[in-house]
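Fit chains U and L to the known structure of chain D by using the hints.
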Amino acid sequence: MRVLALTLLLSCGGLPDSQVQPPVPLPSQAALPADSLYTLDLPLTDSRGEVVELREFRGHPAVISMFYASCPMACPMLVGDVQRLEAQLGEDERQALRVVLVSLDPKRDDTEALADAAGRYGVDPERWVLARTDAEHVRVLAALLDIQYRDLPNGEMNHSSILTVLDRDGRAVARRDGLGADNAPLIAAIRKEVHDE
Amino acid sequence: MSRLISPVLMLAVFACAPAEAPAPPAPETTGGSAAGDLGPPQGEPIHAVLTHAPEVPPPTGRSAPAKVIVELEVEEKVMPISEGVDYTFWTFGGEVPGSFIRIRQGDTVEFHLQNHPDSKMPHNIDLHAVTGPGGGAASSFTAPGHESQFTFKALNEGLYVYHCATAPVGMHIANGMYGLILVEPPEGLPPVDREYYVMQGDFYTVGKYREKGLQPFDMQKAIEENATYVLFNGSEGALVGDNAITAEVGETVRLYVGNGGPNLVSSFHVIGEIFDKVYYEGGTRFQENVQTTLIPAGGAAMVEFYVEAPGTYILVDHSIFRAFNKGALGMMKVEGDDALDIYSGKEVDSVYLADKVEPSAPIGEATAAAAKGALTKAQQVEAGGILFKGTCSTCHQDSGAGVKGVFPPLAGSDYLMADKARAIGVVINGLNGPVTVNGEEYNSVMPPMSQLNDDEVANILTYVRNSWGNEGDAVSAEEVAKVRATSERPAGAAH
Amino acid sequence: MFPWWAGIAWGGTLVAVPGGTYEPLYPPDPDRPVVEVASFRLDDAPVTASEFADFVAAHPKWRRDAVSPLFADAGYLSTPLGGDQPVTRVSWFAARAYCTSQGKRLPTEDEWEFAARASETSIDASHDPERLALLLGWYGQPASAELAPVRAGDPNVYGVHDMHGLVWEWVEDFNNTLFGTDGREGGDDETLRFCGAGTLSATDVSDYARFMRVAFRSSLKGSYTTPSLGFRCAADAEEVR
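From first to last, the protein sequence lines are chains D, U and L.
Numbering-wise, numbering that gives the first Met the number 0 puts 11 at position 12 of the first sequence, and it's gapless, one number per residue.
Numbering-wise, numbering that gives the first Met the number 0 puts 364 at position 365 of the second sequence, and it's gapless, one number per residue.
Numbering-wise, numbering that gives the first Met the number 0 puts 225 at position 226 of the third sequence, and it's gapless, one number per residue.
Pulled out of the complex, with its shape left as it was, chain D reads as follows (with noise of 0.2 Å):
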């Protein structure tokens, strides 16, 4: 009986599972490390509609936090905060660095919403992906970047503000927690990744 129940519950789909699948290596590539953020089977749709997949940021260093489009005051703090440390990079290591900014909010977070606040935010296009995921997988993403998030009766939600780097494999390995705090173990992260082989 059990194990039927079981069959009939993993053929008939339900609910996912879980979020962790086998890695899919990439072509010509090692498999990915256990402890990858990029292991993630985390579906991810950005500021222009288009589907994303996180692992496509592997052999980038990267920055990755959330945040939702309608917030009034931390998060254009905490996009502030990544363009300053952007700013504090030379060419090459800014050229290399990607910057993921998944919502806390996919109720009100479809694609225009996300590409109104890139366009608010200024940030640049070809580097910086604004995305949202379902409500499921923002738990999990939050609770993998450690990040507290919860809503609030006003519309706004309240979230900590916390950047992670990840190395070119998607590990992390730096992360800054609070606005406004010291940028330094990020870039030093960072430039490891760019500089180092």
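One should not assume that every hint holds.
Once the Cα atoms are required to be at most 16 Å apart in a straight line, the calculated EDC-like pairs of lysine to aspartate or glutamate come out as [stated by the list, open to error]:
| # | chain 1 | residue 1 | chain 2 | residue 2 |
| --- | --- | --- | --- | --- |
| 1 | L | Lys220 | U | Glu146 |
| 2 | D | Lys191 | D | Asp176 |
| 3 | L | Lys60 | D | Asp34 |
| 4 | L | Lys60 | D | Asp40 |
| 5 | U | Lys371 | U | Glu477 |
| 6 | U | Lys376 | U | Asp472 |
| 7 | U | Lys332 | U | Glu307 |
| 8 | L | Lys220 | D | Asp145 |
| 9 | D | Lys106 | D | Glu135 |
| 10 | U | Lys207 | U | Asp85 |
| 11 | U | Lys76 | U | Asp117 |
| 12 | D | Lys191 | D | Asp91 |
| 13 | U | Lys76 | L | Glu145 |
| 14 | U | Lys66 | U | Asp36 |
| 15 | U | Lys220 | L | Asp206 |
| 16 | U | Lys376 | U | Glu477 |
| 17 | U | Lys276 | U | Asp192 |
| 18 | U | Lys376 | U | Glu364 |
| 19 | U | Lys332 | U | Asp241 |
| 20 | L | Lys60 | L | Asp72 |
| 21 | U | Lys207 | U | Asp192 |
| 22 | U | Lys211 | U | Glu82 |
| 23 | L | Lys220 | D | Asp176 |
| 24 | U | Lys220 | L | Glu129 |
Coverage of chain L stretches by chain D, computed from C-beta distances (three or more under 8 Å per stretch; other residues unrestricted) [said to hold, decoys possible]:
| # | stretch |
| --- | --- |
| 25 | 23-37 |
| 26 | 66-73 |
Simulated from the structure, these hints should not be mistaken for lab results.
Computed from a predicted model, the values in this text were never measured in an experiment.
We put the beta carbon where it would ideally sit given N, CA and C, even for glycine.
The following block gives chains U and L in isolation, referenced to the frame of chain D:
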């Protein structure tokens, strides 16, 4: 916080220098935290030596700042808080108070806080020696079975409290989560012969003082600041008997004294000594020739004294009911040749207190036997004798002879032997007003022994009715309960 | 909507918890301290070690030697699985996958706390001082003792066992609590650390038991496991036909 210190010192300087008079030399200041950065750490990282109270780590002996690695493990564990009384302590380093940390000003401390997997609670640490928001608390918040790391530079010299700052903060501190960190000045502290670590704390249990068994934390008593125990080094026996700290005549002793609270301010005093120096509030300056020094909750002091005369010196919180009714009491035993020119005579306190550390195993055996209905009179006499010494002998004397004209005798006492129920009532309710014992009138006050339970009263009375030539039958707990049930509880007595 | 086989193969039995209002310790809007909790269903007991063993056997990627290090720390399932004791040393990711495999989900913090107010006789015994003392007694004990089996005691008025006194439990939004990790932190840091500048004033500072649960949850990350932390599953209320 430390940033506040230098302006305060400067104010004090200005206040001492009236404009018209020639200015007296300004007291030298250390420069506070602004002068406390002595440059980058030198040499290989050093692993800090941590000690359990009353031991203190050796002086750092360094002349340059170093990187010091401190690893401190949080452990929640059941330990005795008093004889036969257990309590679930939350500890830094497995003991209360937490491990003593000793560093030098300018050191860079890499702090590792480990929370044992068996812990039920998350914990963190706020070190008052840290300059920075929260004193490390937010950076060290650690779930059970995990470890946090943060680094700070010790900018201010002094003796500092550290404690847990996880909500509910009061409960974490009340369960014993505090200790001391000493930041030596660059030149070190003046050498002394002995150094000890003593830390006071107040505890709140559901059961009354010395009620046996595992006692849970009582939140309401803690909120009302109605301490059940006030203790040095986390348990009633921590600094008495074989655990007393020691010194020899002709030595200088330095005590690092902290107060973890959570609530009470300590009036720290050593009976029979005068502090030659008190580095009050754990700071840089010292006062000389001090009898009692005030140590706030979350504060500390260093006290030093030279010992001339042998004997037992008693450490107390001179808010004195805490010493004699809540446990705030320790001992320092000094050996050496008598210095009769300086002091000759008996130290009354030492007799009273030394007796409190009699082995109490027979008490527990008697309790267990009574529970099984197998209690013998001999067991009662043995247990009662120990309890008598701890409770009654100060007045009635070990010999039962009392003190003529003041405290009536029990040995050969007609008053005692004539009426068993009356004797029980006297112990439970105290005695106020004139009585005639063996033809002599006594008119003093005996307080109600309301801390004793029925078993204990029965054992004590069985002992006194069968000692020093007295011959009587045993007193049972049932007889005591019967008298207690018909007694009016004196106003203000504990229950 | 809910598959007929769910709940009968293994795992706790879902019981109905009628919705209502309650006051979270840290309400999202301090001016409106009362929040609505919709009717839902909750497992009558924590998931046991043997139930979790069955799950792992059917889903080998959740085995101790196969699990992704993103989803579980080194202590994951480090105590042998089996028996009617609650499973512990499970991460949030693993707990969530377990519930998902049954067509259930983890309860939200509001749901868990709402149901946890109940005693054997009342839907809200959270202000009973004797009960509070009992809870504090349990929270005060180290987790070294062996756990009792689930359903050993009486259920609460909903028919739910072991909300207290056995293990801490994961909730879906364990990471919702914008609670300074320093238990005394005031408001100013929060405006920088957290969007919305929400002030964090607890509604009832004397409810130490709830303080301790909030503190415990906020110390966790999704991959963390501890010997005193388990979980149970929940589901939305059945649709009225």
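Lys276 (chain U) and Asp192 (chain U): Cα distance at most 16 Å? holds (15 Å)
Do the alpha carbons of Lys60 (chain L) and Asp34 (chain D) lie within 16 Å of each other, as the hint requires? holds (14 Å)
With the threshold set at 16 Å, check whether the alpha-carbon distance from Lys220 (chain L) to Asp145 (chain D) stays at or below it. holds (6 Å)
Holds or violated: Lys207 (chain U) with Asp85 (chain U), Cα cutoff 16 Å? Measuring from Cα to Cα gives roughly 13 Å; hence the hint holds.
Lys60 (chain L) and Asp40 (chain D): Cα distance at most 16 Å? Holds, at roughly 14 Å.
Pair hint Lys332 (chain U) and Asp241 (chain U), alpha-carbon separation not exceeding 16 Å: holds (10 Å)
Distance restraint between Lys376 (chain U) and Glu477 (chain U), which requires alpha-carbon spacing of 16 Å or less: Status holds; Cα separation ~14 Å.
Restraint check for Lys220 (chain L) with Glu146 (chain U), where alpha carbons must lie at most 16 Å apart: Cα-Cα ~13 Å, so holds.
Compare the distance between the alpha carbons of Lys207 (chain U) and Asp192 (chain U) with 16 Å, and conclude whether the hinted pair is satisfied. Judged against 16 Å, a Cα distance of about 40 Å means the pair is violated.
For the stretch 23-37 of chain L, do at least 3 residues have a Cβ located nearer than 8 Å to some Cβ of chain D? It holds: at least three residues are needed, and the stretch 23-37 of chain L offers 3 whose Cβ sits within less than 8 Å of chain D.
Does Lys371 (chain U) pair with Glu477 (chain U) here, judged by a C-alpha cut-off of 16 Å? Within the cut-off at roughly 14 Å; holds.
With the threshold set at 16 Å, check whether the alpha-carbon distance from Lys220 (chain L) to Asp176 (chain D) stays at or below it. It holds: about 15 Å lies between the C-alpha atoms, which stays within 16 Å.
Checked against the numbered hints given earlier, the structure breaks hints 2, 21 and satisfies all the rest.
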